[in-house]
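Peer 1: If you want the building blocks of each chain, they are given just below.
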Amino acid sequence: MRHQLATFKLDDCLYGIDVARVQEALRMQAHTPVPHAPKGVAGLVNLRGQVVLLVDLRVRLGREGFGEDDDPMMMVVKVDGEPVSLLVDQVGDVLEIDGSRFGSPPPTLEPALRDFVTGVYQLDDELLLALDVDLAVQV
Amino acid sequence: MDAMDEIVREFVVESYENLDQLDSDLVALEGDAGSRSLLSSVFRTIHTIKGTSGFLGFGSLEGVTHVGESLLAELRDGKREMTQRTTDVLLTMVDAVRELLRSIESTGAEGDLDTTAVVASIQAVLDGTEAPETAVAEAPVEPAPVDEAPADEAPAEKPKPAPVLPGRKADAPLPAKPAAASSAPEPAASEPAAEEAPVRSATESSIRVDVEVLDALMRHVGELVLARNAMTSLAADIDDPALVHATQRLALIATELQQGVMKTRMQPIDNVWSKVPRMVRDISASLGRQVRLDMIGKETELDRGVLEAIKDPLTHLIRNAIDHGIESPEQRTAAGKPTQGVLTLRAFHQGGQVVIEISDDGKGIDPQAIAAKAVERGLRSAADVADLAPQDVFQLLFLPGFSTAEQVTHVSGRGVGMDVVKTKVDAIGGVVDVQSTVGVGTTWRLRIPLTLAIMPALTVECASETYAIPQINLLELLAIDDKQTGVEYVGEAPVFRLRGRLLPLVDLRDVLGRTPRESLVGAVIAVMHADGGRFGLLVDHVRNTEEIVAKPIAAAVKGIGLYAGATLLGDGSVTLILDIPAVARRALELQEAIGDDRDAVATSTGETEQMLIVSVGEDRQVAMPMGAVTRLERFPMEVLERVSGSLVMQYRERITPVVDLAQVLGLGSTFREELAVVVCQRGDRSVALVADEVVDIVECAIADRSEVSGYGLLGSIIVRGRVTELLDLEATVRDADSAFYDVQDAELVGAGSEH
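Sequences listed follow chains A and B, in order. Just so it is clear: in the first sequence, position 47 is 133 by my numbering, and no numbers are missing. Just so it is clear: in the second sequence, position 617 is 1447 by my numbering, and no numbers are missing.
Here are the simulated BS3-like pairs of lysine-lysine, each with C-alpha atoms no more than 25 angstroms apart in a straight line:
1) B/K1254 / B/K1203
2) A/K164 / B/K1381
3) B/K1381 / B/K1254
4) B/K1128 / B/K1093
5) B/K1388 / A/K164
6) A/K125 / B/K1381
7) B/K1093 / B/K1254
8) B/K1381 / B/K1093
9) B/K1388 / A/K125
To be clear, the hints were calculated from the coordinates, so they are not data collected in a lab.
Let the sequences and hints guide you as you build the complete structure.
Peer 2: Right under this line is the structure:
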């Protein structure tokens, strides 16, 4: 059983999302800030005529949010059929990984991440954290 | 046909459609005799026709479909196998039904078509009376033998044999359709050709369209409007004549298409109102009230989505008006009113919105009772309500958990009340407010957008960000110029003196938590109307007016409670649409002191009155109540025209009667280069008063006036040391336009007066 994962980097950690959940990956676009929005909402963006929520994944994962000077990328995922855009450092390749490499997160994983990670894939040289997309977008 | 009742027409159209389906179902059944779904579908159709025809009193139709239904029920339940003969009798039944419908469509009645034969033949099948296969079987296909065949067979069982129908058909009076009558002997096979053209008039002029299709169409048009906005904004930048021309064409077509699609979704409000008379009758009977119902503007059209959404609020307001508004006959007699109360529903279009009013001539709402109730319910403290102006007190009615019924009745007053009305009206971007005079009556007014999909909006800037404000909330725009801002502070809270009344100001920057404003100069006050009150929203600039399409927004953004949605502007950027009532509430939380401002307004209108002072001629001054003045304008002398002895001017594309105050004062006509024009407006009528200069707006105690007066004057008062004549504004205006005060429940938006 091979798992296909779209990967991205955030703070030097490698994350993966089931490829079927990912609609597209894009460069950051002009977005509209939303005053009084909950933390983690970076704004709204026009995605081919659809108004899409931008979620700052850094904030969601308990880190410092993206600033003015950062140049994040947008990973557009589908949640209940609706697109939501995650802000990440860098979008990576789509990896095909054998299901046998999947395991529960190591106890050393920092607590802030633990809730958002459903498990880890043991790659040859690093760990790939499987992101719980549904939880990550629940701002 | 004109005389045909709307319900009957709908029934005919619907039944024809169902019959078409039924024909193909029956034929399909021959191939797939066991199909339950087909049988159920056929059964349902016949069942529906039977039910409705019974309801409408079409006895023959009901009789035919009744036996057909029995047969179909057995087939559906598997108690009977589908045979050639059953199919045949069923088809005969369908033909008979068609025949009856045709008669109903053309004459409004069943005519004297004889259906007993059809009934008998179906009954025969039902009873298992083995009429030979061929006999009835031939009937629909070959007309000639039908006349004899069953006639020979059936008499043993049934007195009236099957074939009578075709024969009688020829004799049946079908005035609208002689052609069909002549083709009568051929019942089924050749019928479609003969009937199509003349009979389907009702069906051909209208088609039934799935609402989903219209909704999708509306969404697409919304997208088109946005694309057009984008094109227009691009074309403005590029400035190529050919592109501009093409864009204008596109804009024109998009607008027409938008109007067309909106029209397909429009339904007259009567669709909801038609149920009101019965409701009013029932409610008033059960409450022992006598109520006359007047409905004005039944044909006013609204988007079906909007119509659906106002159904409940409307019902609630009507119940409320009868229950709480109109008094019992005894009370009315005691109050010197006719025993019969009047409930008036009015609907009309105004400025791209629909206004719906529910008025009663009942006891009115006593602000003090409301205030007391709010305190009793613990919704407000006694101190809170003590100084509220009546208009603000009425807003308490919309608080959750407020029920004004002194006795809980089964009609209303279960604690769910006006807050539900308000929530529902808010949800579709409408506003509701109430005006009431104790002993005279109450008017509830709903202002509803024409359509939910596309709305006109004003785009404004705040701290370099753009926001959209629905036009429905906007009353007017005022620029703060550098000389004199007109902004004053009551405690900490800024207010603006607008035509003599204090308008609480809300800075959008504060509401949105943006960097505070450094200077008021250059800012714009958007005067907003929300929750029955008014306030000024301070924004940095006004960008444009645009037609916007509200896009759904994520729950995380919706949950903030400040935004009604988001939209895309011409440049492709996302813009948040402000939920103005929510902004007002947020601002109230921000500055609790705003209540004090209202008090200031309340007291200022107490013993003293705001007066507008104008100068006339060399040295005369005239004062008039500011509350009755709608606008102040300046015009050159030339605008005045004389039509058959009366002065008029063209004002806002209307011919407006003019009163020269110099003549009222008996000064004769004076020459002035420029005129100060005071416009009083009520509904769509206006009267212009002409003076030389506007001098001031002052607070003065009119009780101190002297009684010396001439015609059109009430006396004189001292304003800043000068004798000033007090104008009898009502008499003066009535002289100029005798119908001015007949405009009922006048729309005084912008007049600065909230009576």
